[in-house]
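Visitor: Those protein sequences? They're chains R and U, same order as listed.
According to my numbering, numbering within the first sequence proceeds without interruption in unit steps and concludes at 1231.
According to my numbering, numbering within the second sequence proceeds without interruption in unit steps and concludes at 1231.
Because the hints were derived from the structure by calculation, they are not lab data.
Computed from a prediction, not measured in an experiment: that's the story for all the values here.
Glycine included, each C-beta is placed from N, C-alpha and C at the ideal position.
Hints should not be assumed to be uniformly reliable.
Keeping only pairs whose Cα atoms sit at most 27 Å apart, straight-line, the calculated BS3-like set for lysine-lysine is [claimed, not checked]:
#1 U:1108 to U:975
#2 R:1085 to U:1108
#3 R:1050 to U:980
#4 U:975 to R:975
#5 R:1108 to U:1085
#6 R:1030 to R:1057
#7 U:1119 to R:1050
#8 R:925 to R:1185
#9 U:925 to U:939
#10 R:820 to U:1085
#11 U:980 to U:1119
#12 R:1129 to R:1085
#13 R:1085 to U:1050
#14 R:1123 to U:1057
#15 R:1123 to U:1123
#16 R:1119 to U:1050
#17 R:1085 to U:975
#18 R:1119 to U:1123
#19 U:1123 to R:1050
#20 R:1129 to U:1050
#21 R:1085 to U:820
#22 R:1085 to U:925
#23 R:1050 to U:1129
Pair by pair, the computed Cβ-Cβ distance ranges are [what the hints assert, rightly or not]:
#24 R:856 to U:822: 22 to 32 Å
#25 U:919 to R:798: 52 to 62 Å
#26 R:861 to U:814: 52 to 62 Å
#27 U:1085 to R:798: 27 to 37 Å
#28 U:1135 to R:1146: 51 to 61 Å
Now for the letters of each chain:
There are 2 protein chains.
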Amino acid sequence: MSDVPTKLQPIFDQLDKNTDANIAKLATAISYKAVSADESLRQELFKKADYIQSLLENLNCTDIEQFALGDEKPGLPLPPVILARLGTSPTKKTVVVYAHMDVQPASIEDGWDTEPFELHHDKERGLLIGRGSTDDTGPLLAWLNMLEAHQQLGLELPVNLIFCFESMEESGSIGLEKFIQEQAQTSGYFYKYASQIDAVAISDNYWLGTTTPALTYGLRGCNYYQIKVDGPKADLHSGVFGGCIAEPMIDLVQLLSSLVSSQGEILIPGVMEMVAPVTEDEKEIYKSINYSVDEFNESSNSKTCLFDNKEEILMHRWRMPSLSVHGIENAFSGQGAKTVIPANSTGKFSIRTVPHIDSAKLDALVIEHVNKQFAKLNSPNKMVCELIHDGAYWYSDPRNASFTAASKATELVWGMKPDLTREGGSIPITLTFEQELKSSVVLIPCGRGNDGAHSINEKIDLENYVKGGKLLGSYLYYLAESDK
Amino acid sequence: MSDVPTKLQPIFDQLDKNTDANIAKLATAISYKAVSADESLRQELFKKADYIQSLLENLNCTDIEQFALGDEKPGLPLPPVILARLGTSPTKKTVVVYAHMDVQPASIEDGWDTEPFELHHDKERGLLIGRGSTDDTGPLLAWLNMLEAHQQLGLELPVNLIFCFESMEESGSIGLEKFIQEQAQTSGYFYKYASQIDAVAISDNYWLGTTTPALTYGLRGCNYYQIKVDGPKADLHSGVFGGCIAEPMIDLVQLLSSLVSSQGEILIPGVMEMVAPVTEDEKEIYKSINYSVDEFNESSNSKTCLFDNKEEILMHRWRMPSLSVHGIENAFSGQGAKTVIPANSTGKFSIRTVPHIDSAKLDALVIEHVNKQFAKLNSPNKMVCELIHDGAYWYSDPRNASFTAASKATELVWGMKPDLTREGGSIPITLTFEQELKSSVVLIPCGRGNDGAHSINEKIDLENYVKGGKLLGSYLYYLAESDK
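Please put together the full structure from these sequences, using the hints given.
Guide: Below is the structure:
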């Protein structure tokens, strides 16, 4: 029988005692308008990084460094990445903790009930409301709250930690992949301070629903493409030219319509053949997960679901590829009734990728298909289909040591087994950590499925904020006692 | 043998004498930034109307009135329509002359070689360059120049004229149709001052090419539609929802792709069946017209023509319907790679109509077709296809008295028979005049096909400006001697 629960009890008690102070800390942290997408707020990201650094200093972290990643564009510096570490014992495991300090844009005009950058504690509902409360400032502080409790009790952590806090996650983590690669080299931070990284822990996603905690072992990748059709040199008048000229928009809708059916079936030959077959074992996973069509409809706020059962929804979100058509650039997109023939039009679509879709082979299949379809159109226009960016899927073993530790931690703190989930979206840096640090990654969400991470009235339940610190701490203890 | 040429010779001479003064008049007229699409320039339209009114007063026109058409929107009055008349003889025919005072937007930043609202006389090339020079301020002044020559010579016109000069033609002639209808009533201007309108003459289009004058006897109509597909209540993340939700953009591109082929063939059942068959006689018209594929390619500035011979180009521009896809509202239309599933998307398309497409039947066919296609998609989204606005085609008899007079005038002034042309575009007010004033309409263009009416460096050849006055005057003489 593990003595972890006994060791943790005083830490849990201390975290409970610190609740008001930790709410105050969250209030300070989210008061920075650290919106990475808004250039005019860039200085707020630097200020927030300084604030987080001051917390790390107070926790006696060492080798705290803010790294500059260069300029996003001339005159606009990228905000810093903070690396820091706590514990230098050669006999302990080393865990890298990733979180991000930046947030999504928010303004009360968007429909928030309270000022997004002023933490609102709704005591009746037990909610801490504000931009960043759950994505990802709250979980970042949950790590630090847990350390502070140790410090107050004079306790040491059972593992060494290396923190990696970035500031551009909501804007594509610009520069981070290259940075991690560099820091994994002989001269880099990770290599210098750790002979081996035993695990990477990320708390930057959410439970599937609102009642069952989750651990996440898979993410879909995303390959983003565009089809550009070039026709006449300038926009033309449809009265004068309509019927005589090959219209780029007409070609483009023909091409886009050949990609995917209204039922979501990808029509590009060869793509579905690459998808890993669904096993009987796997089907059991979906059956056991606490989820429903109604919950899906609630999250989409509509009844436009393509499936009538939770198993198919979960499979199509997590382990099947999907193709979305995002929009068209350079066609008429305003209100009203303009009679223009756009000179060129660019369709944008992306494919969410899953095991075992080979990214390069997918690109080749997509481009070959679109080229073939275009040839069929016999159009005098010019067409180019190309990849804009890609990010690989990630898939881990939910029975490895790190997941097992996280699962035990969840049972201890929440009193129930976590759902083993995957995410439809992408966190490309997950795979970078796994590959560069040669370490497994675990995603341990703190918040619930209805937190509204990128929406208005973003919240974290006070219970999740407090238990988040306990959960992440417990994970470290269980990981420490697992076999190396 | 007509004595018209003899009668006209002194007038032609006088117009030649007045050339410099008439260029100066054009310079003044185009100096007003009378852009009807630019609300901030609305006062310029009023000033230009006052200037044109002053010219009419100097020509001893009577019953000159500026009519207010109400507000375009609260606080933004519509610019005036000027009605005026010259000649009150009950024994003469009465001709309504329509022109417009407003112009397209223009700014040197668009790429003009000279300031668009300062007339530039390029003496080497014989061009008068400036916004409105050919569309439609130059032709409007050509009418007045011709009257002035009569005045200077102490001559009377062989017909009575009623002028109708509007100020919103480049912005959909807002309010004009209703105004014409009102003025054709018992209490209205046209009814009061003319027992019968014998002809309406409009000089607001262009030769087909650059060498042969033209008279225009047909215009295509335009029915503009939208297809709105409504899905979830708000935009969704394609990572989280892609593959599970019915995406409005996917439905929309399927629907748009069912409307028209890349070869320009309308795929909506029943539409082509309404089109008047091409007769052998008619084919001869296209053969005789001085035009080429190269000229078409030059005008589109590309090689994206669907046809390899002038006959098919002319038929598809003039007498065949066409369907253009203009764009999509509410999808992602910016630069970059946004992974959004748009909550709803609205596709815009229009059909250019020709004899004998019944507008209401067309609407029914379009909507029935789109509804059927959508039903096939089996999508849980909501879809509505609807007409946004329509404007009927116009088609006249190019052998009637008014066209015959205009044809004789062209031969006299230009020394060659005019091409009998149609236009692919629409001038909806043409049909309104014909129906409300129970009179035939003739389109007598002054300018050439390369004038760049809605483009940069708009020009009218000095030769066309001067001969324009002679042409329009001659038309009135030949019309006067034709049988009532």
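Visitor: Look at each hint and say if it fits the structure.
Guide: Now for the hints, and whether the structure bears them out:
1. Taken as a hint, the residue 1108 (chain U) and residue 975 (chain U) pair is honoured in the structure, with Cα atoms around 21 Å apart against an allowance of 27 Å.
2. A distance of roughly 23 Å separates the Cα atoms of residue 1085 (chain R) and residue 1108 (chain U); the hinted pair therefore holds under the 27 Å criterion.
3. A distance of roughly 10 Å separates the Cα atoms of residue 1050 (chain R) and residue 980 (chain U); the hinted pair therefore holds under the 27 Å criterion.
4. At roughly 24 Å between alpha-carbon atoms, residue 975 (chain U) and residue 975 (chain R) fall within 27 Å of each other, so this suggested pair holds.
5. For a cut-off of 27 Å, the pair hint linking residue 1108 (chain R) to residue 1085 (chain U) stands: about 23 Å separates their Cα positions.
6. The straight-line distance between the Cα atoms of residue 1030 (chain R) and residue 1057 (chain R) is roughly 11 Å, inside the 27 Å bound, and the hint therefore holds.
7. Restraint check for residue 1119 (chain U) and residue 1050 (chain R): satisfied, since their Cα atoms lie roughly 22 Å apart, inside the 27 Å limit.
8. Between residue 925 (chain R) and residue 1185 (chain R) the CA atoms are separated by roughly 16 Å; this keeps the pair inside 27 Å, and the hint holds.
9. Between residue 925 (chain U) and residue 939 (chain U) the CA atoms are separated by roughly 17 Å; this keeps the pair inside 27 Å, and the hint holds.
10. Distance restraint check for residue 820 (chain R) and residue 1085 (chain U): the Cα-Cα separation of roughly 19 Å lies within the 27 Å cut-off, and the hinted pair is therefore satisfied.
11. The hinted pair formed by residue 980 (chain U) and residue 1119 (chain U) meets the criterion: a straight-line CA distance of about 25 Å does not exceed 27 Å.
12. The suggested pairing of residue 1129 (chain R) with residue 1085 (chain R) holds, with an alpha-carbon distance near 24 Å, which does not exceed 27 Å.
13. Restraint check: the Cα-Cα separation between residue 1085 (chain R) and residue 1050 (chain U) comes to about 24 Å, which is no more than 27 Å; the hinted pair holds.
14. Taking the CA atoms of residue 1123 (chain R) and residue 1057 (chain U), the gap is near 25 Å; set against the 27 Å cutoff, the hint holds.
15. Between residue 1123 (chain R) and residue 1123 (chain U), the direct Cα distance comes to roughly 23 Å. Compliance with the 27 Å bound is thereby established for this hinted pair.
16. Between residue 1119 (chain R) and residue 1050 (chain U) the alpha-carbon distance is near 22 Å, which keeps this suggested pair within the 27 Å criterion.
17. With a C-alpha separation of about 16 Å, the suggested pairing of residue 1085 (chain R) with residue 975 (chain U) holds against the 27 Å cut-off.
18. Between residue 1119 (chain R) and residue 1123 (chain U), the direct Cα distance comes to roughly 25 Å. Compliance with the 27 Å bound is thereby established for this hinted pair.
19. For the given pair, residue 1123 (chain U) sits about 19 Å from residue 1050 (chain R) by alpha-carbon distance, which is consistent with the 27 Å threshold.
20. For the hint linking residue 1129 (chain R) to residue 1050 (chain U), the alpha-carbon distance of about 10 Å falls within 27 Å, and the restraint holds.
21. Under the criterion of a C-alpha separation no larger than 27 Å, the hint pairing residue 1085 (chain R) with residue 820 (chain U) is consistent with the structure, at around 19 Å.
22. A hinted pair counts as satisfied when its Cα atoms are at most 27 Å apart, and residue 1085 (chain R) with residue 925 (chain U) qualifies at roughly 22 Å.
23. For the hint pairing residue 1050 (chain R) with residue 1129 (chain U), the CA-to-CA distance comes to about 10 Å; that is within 27 Å, so the pair holds.
24. Between residue 856 (chain R) and residue 822 (chain U) the Cβ separation comes to about 25 Å, which falls inside the hinted range of 22 to 32 Å.
25. For the pair residue 919 (chain U) and residue 798 (chain R), the beta carbons lie near 56 Å from each other, so the given range of 52 to 62 Å is met.
26. For the hinted restraint 52 to 62 Å between residue 861 (chain R) and residue 814 (chain U), the CB-CB distance of approximately 54 Å keeps it satisfied.
27. The beta-carbon spacing between residue 1085 (chain U) and residue 798 (chain R), approximately 30 Å, falls within the hinted interval of 27 to 37 Å.
28. Checking the proposed 51 to 61 Å range against residue 1135 (chain U) and residue 1146 (chain R) shows it holds: the Cβ atoms sit about 59 Å from each other.
Checked against the numbered hints given earlier, the structure satisfies every one of them.
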